[in-house]
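There are 4 protein chains.
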Amino acid sequence: MIVVLKQNSDERQLEELRNWLKKKNIMIQESTGESCSIWGLVGDTSELDGDVIASMDVVESVKRIQEPYKKVNRKFHQQDTVISVKNTVIGGDDLTVIAGPCSIESEEQIVAIAKAVKNSGATLLRGGAFKPRTSPYSFQGMGTEGLKLLKIAGKESGLPIVTEIMDVTQLPLFEDVDVIQVGARNMQNFNLLKELGSIHKPILLKRGMQATYEEFLMSAEHIMSGGNEQVILCERGIRTFETYTRNTLDLTAIPALKKLSHLPVIADPSHGTGKADLVPSMAMAAVAAGADGVMIEVHNDPEHAWSDGSQSIRTETFDTLNRKMIALHSLVRE
Amino acid sequence: MIVVLKQNSDERQLEELRNWLKKKNIMIQESTGESCSIWGLVGDTSELDGDVIASMDVVESVKRIQEPYKKVNRKFHQQDTVISVKNTVIGGDDLTVIAGPCSIESEEQIVAIAKAVKNSGATLLRGGAFKPRTSPYSFQGMGTEGLKLLKIAGKESGLPIVTEIMDVTQLPLFEDVDVIQVGARNMQNFNLLKELGSIHKPILLKRGMQATYEEFLMSAEHIMSGGNEQVILCERGIRTFETYTRNTLDLTAIPALKKLSHLPVIADPSHGTGKADLVPSMAMAAVAAGADGVMIEVHNDPEHAWSDGSQSIRTETFDTLNRKMIALHSLVRE
Amino acid sequence: MIVVLKQNSDERQLEELRNWLKKKNIMIQESTGESCSIWGLVGDTSELDGDVIASMDVVESVKRIQEPYKKVNRKFHQQDTVISVKNTVIGGDDLTVIAGPCSIESEEQIVAIAKAVKNSGATLLRGGAFKPRTSPYSFQGMGTEGLKLLKIAGKESGLPIVTEIMDVTQLPLFEDVDVIQVGARNMQNFNLLKELGSIHKPILLKRGMQATYEEFLMSAEHIMSGGNEQVILCERGIRTFETYTRNTLDLTAIPALKKLSHLPVIADPSHGTGKADLVPSMAMAAVAAGADGVMIEVHNDPEHAWSDGSQSIRTETFDTLNRKMIALHSLVRE
Amino acid sequence: MIVVLKQNSDERQLEELRNWLKKKNIMIQESTGESCSIWGLVGDTSELDGDVIASMDVVESVKRIQEPYKKVNRKFHQQDTVISVKNTVIGGDDLTVIAGPCSIESEEQIVAIAKAVKNSGATLLRGGAFKPRTSPYSFQGMGTEGLKLLKIAGKESGLPIVTEIMDVTQLPLFEDVDVIQVGARNMQNFNLLKELGSIHKPILLKRGMQATYEEFLMSAEHIMSGGNEQVILCERGIRTFETYTRNTLDLTAIPALKKLSHLPVIADPSHGTGKADLVPSMAMAAVAAGADGVMIEVHNDPEHAWSDGSQSIRTETFDTLNRKMIALHSLVRE
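Chains as they are written, first to last, in the numbering used here: chain S, 146 to 479; chain W, 146 to 479; chain Y, 146 to 479; chain A, 146 to 479.
Hint data in this document are derived by calculation from the structure and do not stem from the laboratory.
Accuracy of the hints is not assured; some may be wrong.
Just so you know, same-sequence chains aren't split out, so a pair can sit in one copy or run between any two.
For lysine-lysine, the following BS3-like pairs were computed, each having C-alpha atoms within a straight-line distance of at most 27 Å [as the list claims (entries may be wrong)]: (1) K220 - K151; (2) K208 - K169; (3) K151 - K215; (4) K339 - K220; (5) K208 - K167; (6) K208 - K404; (7) K276 - K168; (8) K300 - K231; (9) K404 - K151; (10) K215 - K167; (11) K339 - K231; (12) K208 - K276; (13) K260 - K300; (14) K346 - K263; (15) K276 - K167; (16) K263 - K231; (17) K276 - K215; (18) K151 - K169; (19) K276 - K300; (20) K276 - K339; (21) K276 - K169; (22) K469 - K404; (23) K167 - K151.
All chains should be built: construct the whole structure from the sequences, respecting the hints.
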């Protein structure tokens, strides 16, 4: 961290700042120039609050040099993290493909989709039981009952299951869930992150719609600093001024996050675009960008396609797409 | 809600859609033109999911005409909502001024600030006990102990108290808190909103950093639909590309939200700018824009100003500002 | 266009609006319901200003159904536009690869890069002669002299050349330029677009940093409505809150624009990310998303790499990348 | 400017960088620590391109300390700039109020509005002759004929006139215009800015919809570095995700720009909101935030209100508003 001091600063206040920093085990590398003085702070600056220092009377500005995250930082952990989930791994040499319906609607539906996506090569099954909904009047998901059906479908298809937790109080219900998903709206639900840091289960953390890469990684740090090192990062689109798509899928996040961190990174083109006809292109693009996997909403209801979410693709479309993604993944990794 | 149909749509699918809508007690006003056919949906469309309809094979697009919120909607509740909190009201003829420190640090600090802001004319006392922090390594607030000190300061100054809840599990701790604040990051923590809808206490709901006016109002609707009609809306800055300020305070939200809803609307220029020297101008601007109140961070520590958040103003600055705001409020309401 | 009328509107004002619309050759499909009345406007509504109608006393809101663009619209021109430029085509079956330095610096530099990228398979040569610079104190490009050198390099390598025009007064200088580029900052320089609509030369139109897809297409419409139908759309990143990258490359624009329009769409990952190490991944992602081509900054100066723009890749990196892109392009088009 | 070097950098490359900087008259303040080395660059760093340095092999990152603008910087010009325009001043003790129609439509219209706003206390007359329009099919303004009518209205009312230039080729037509406006879409039309830097006439520069404060000030620097020091900054709304308003008026820009620069700052709540009913509140808020003036669209057509732009207010509304703004301006300046 670099502290740029105001010109003609009060020496007494500078001394106070020096002492305050020393107490925090920070060494100061002072460099006094004609027009301004600069302090380089050496030590574990990840616990220093740059805003607080910037607000001091004698300080002109503060520039952070080191990333504020440690456990997620690739600098201190060169090797890619690989996470085992039952019979599959996330972050390894193979492409992870998480597929399933937006919402679990019935045993028949979830089991049929599970089998179909398994046949097409999916490696994990997703399905929403608790749905975060903007409107209190919309369907909020099947809840506990949906969770049961998802577990049945997981067993019948042999796929590990992924589903979203809404709140720390739901944790006991997720004991048999293989990967717990934290939704974009909960990316900075710090109490939830803390709790998930104390369990031994992979966490699929979705990027908030307005979160910077740094904030996203800091949320992963919240989980890892609690002791749970099994975190999967998921880019799912950010909010911009564009209204044609629901969100703007930021695929640059993939190579960027993989450079900054050792954690596996996947993309969700279904939420990222909100439009089924754009999903295959963006899933391919995510794989080409270097994603460790993708997460895709799939429905199986050609007769009532209109009752599915506008962003889900049909099982047949998924089948074709998955074959293409696997070929592409080989080409990229060559 | 208006449904624009695709040309040459399958009549069987149209019939299916007609039946589906009828089951939901929606009447259809069909209008068939040469180039396209339009259905006007009449009835309680707030429970219809526009995205689902838009995804149907026969549908070209869906245009919502009515707002999806009911309880917060000024159309169905012309009069301004006025909320009584002990010896003061929010949303009435007088300006509400909520002031206090960013974090509660000690009894001495919080009591001194409480008395100072009370003397300057503040009507409620704020202070953070549980702090949502981006970094797991930053100070997370004094917690339960802080809450106790805040209550003491409230009693000693005679000011009602406002403080932030982080999680539904903390609710029992907030029994003696006069106004419960929901932070920007929790604006779409729907389980928390639902719980707060079942209690009888005013809720100060902060706008999420990426929330549209409609989403903000829908979060208020989550609370009100549970039965708690005492909701105060707070604009606190949105995220844009600008980096000079921490957020971009969107003051247009004030007249816009007051037009769309009957709920009181206040502004938080401290978080909205992140810079103490911009706070007085933006507090004045908020009052001029028609805000029912403002929420301002104040510190009392001239000797150690540097240990305060960069966005807190001194008690003396607050004193001058408050007198100006009251004069301005009269001028605006003339 | 759908006009939703206010309840109990003044009949005289409605009549006035009816007459105003009739004069513009718009037919009205009236549909009067219990709670609201809706008019469907039939005819060429692309010349109607929705905002003006929305501001009328009797109007509640206006919803546009048809796209406001005609010439660029795929609905009225199903087939992909293919643009011939000397010995190559843009928008056809082959991948277009435009490569070259950020700025032209010397004959030696531009000729060497031209030959190198030609050898690696580039199909057009880019190079900046006039540089739009945020600061008046930065290098503004070699200007007319640079243009001459670019033409020499084009001849020596056999590659058609692409370079940016800054202003309508420069047009005479661009006679021997094969493709004229309009930069992001000029996307809504309507006088320039109008002038470019009257010439017979391909225009590479870059998306403005804050332009929606619709606005981008409307700028292409400005050129096409003047008679010049050779327009290439280029996604080059939008501005968001993220600061790690210079811009956020919006790759969803590729399938979206190709669906809405028949024009070729290419991507510029160099400007889109601003970071050389992210360029290869994002170039691959663009091709996977269905781009007709990519535009990439390449430098040839290993000894003084530091004097090149931070977003240019080395000729060797480009060579490897191009081979991979061509393989990927085949896989995607299968 | 601070340059953070990579660890274990090649000494030959460092020496090369040292020499390159020396040639640019930059002195280096080297500070070598255990974990990293930092160079403080002293001298006129406004001509250094931080991105170029950041791209060098030996450089980890670059942090700018000084603003890249000089002429517009308050640090080097403490006193407020006051600009005289005929019988009025902009930036002085009085509030500047620029009012008039969106587009000039006829002599009758522009003269009537000019007289009305003059009577209500406006200090300058605005009116669009050349209109930048997203669609090539919309009304593009009356052009040269409109300019003539505006001059007539200026003379008849005694108000100085302000109108927008679209292109450098139009400059000869603007000889009798008192203040030349540069629209948001032209904020980075650098050739136009350069040309305006060489004339002796006040320039009203509007902020681009996606421009940061720094970029906005750099565009003013383009004009001032050419010798024209009469620049007025105008905040007119930025683009965000909100769709209820056309733009998001960023009023924090007012105190921020006044702190960073000595130039007068005004606000345009008409374009900033796009909704007539929000204009009065936001005009008041702009004055409360410390604006030197406001720019407001006014129409005079009660019978055909619907044919006016949705963001223009009536002359009577303007009359009431102006009286309130003047009272508020006194209160703020007390």
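Evaluation of the provided hints:
1. Taking CA atoms no more than 27 Å apart as the test, K220 paired with K151 passes between copies only; the shortest distance there is 13 Å, against 33 Å inside one copy.
2. Taking identical chains as interchangeable, the C-alpha atoms of K208 and K169 lie at most 27 Å apart whether they share a chain (18 Å) or sit on different chains (24 Å).
3. Taking the shortest Cα distances, K151 and K215 sit within 27 Å of each other only across copies (19 Å), while inside one copy they are farther apart (30 Å).
4. Proximity of K339 to K220 under the C-alpha cut-off of 27 Å is restricted to the intra-copy arrangement: shortest distance 24 Å within a copy versus 42 Å between copies.
5. In the homo-oligomer, the alpha carbons of K208 and K167 lie at most 27 Å apart both inside one protomer (19 Å) and across protomers (25 Å), since each shortest distance falls under that limit.
6. For the identical chains of this complex, K208 and K404 are neighbours both inside a copy (21 Å) and across copies (21 Å), given an alpha-carbon limit of 27 Å.
7. Only between protomers do K276 and K168 lie at most 27 Å apart by alpha-carbon distance; the minimum there is 23 Å, versus 47 Å within a single protomer.
8. Taking identical chains as interchangeable, the C-alpha atoms of K300 and K231 lie at most 27 Å apart only when both belong to the same chain, with a minimum of 12 Å there against 57 Å between chains.
9. In the homo-oligomer, the alpha carbons of K404 and K151 lie at most 27 Å apart only across protomers (16 Å), although the nearest pairing inside one protomer, at 35 Å, exceeds that limit.
10. Within a single copy, K215 and K167 get their C-alpha atoms as close as 21 Å, which meets the 27 Å cut-off; across copies the closest is 37 Å, which misses it.
11. Taking identical chains as interchangeable, the C-alpha atoms of K339 and K231 lie at most 27 Å apart only when both belong to the same chain, with a minimum of 24 Å there against 36 Å between chains.
12. Proximity of K208 and K276 under a CA criterion of 27 Å is satisfied inter-copy only: 24 Å between copies versus 40 Å inside one chain copy.
13. Proximity of K260 to K300 under the C-alpha cut-off of 27 Å is restricted to the intra-copy arrangement: shortest distance 10 Å within a copy versus 59 Å between copies.
14. Only within a single protomer do K346 and K263 lie at most 27 Å apart by alpha-carbon distance; the minimum there is 22 Å, versus 50 Å between protomers.
15. Only between protomers do K276 and K167 lie at most 27 Å apart by alpha-carbon distance; the minimum there is 25 Å, versus 49 Å within a single protomer.
16. Within a single copy, K263 and K231 get their C-alpha atoms as close as 15 Å, which meets the 27 Å cut-off; across copies the closest is 49 Å, which misses it.
17. Proximity of K276 and K215 under a CA criterion of 27 Å is satisfied inter-copy only: 21 Å between copies versus 32 Å inside one chain copy.
18. Proximity of K151 to K169 under the C-alpha cut-off of 27 Å is found in both arrangements, the shortest distances being 22 Å within a copy and 26 Å between copies.
19. In this assembly of identical chains, the alpha carbons of K276 and K300 lie at most 27 Å apart only when taken from the same copy (22 Å versus 42 Å across copies).
20. In this assembly of identical chains, K276 and K339 lie within 27 Å of each other by CA distance both inside one copy and across copies; the values are 22 Å within and 14 Å between.
21. In the homo-oligomer, the alpha carbons of K276 and K169 lie at most 27 Å apart only across protomers (21 Å), although the nearest pairing inside one protomer, at 44 Å, exceeds that limit.
22. Proximity of K469 and K404 under a CA criterion of 27 Å is satisfied in both settings, with 26 Å inside one chain copy and 21 Å between copies.
23. Proximity of K167 and K151 under a CA criterion of 27 Å is satisfied in both settings, with 20 Å inside one chain copy and 26 Å between copies.
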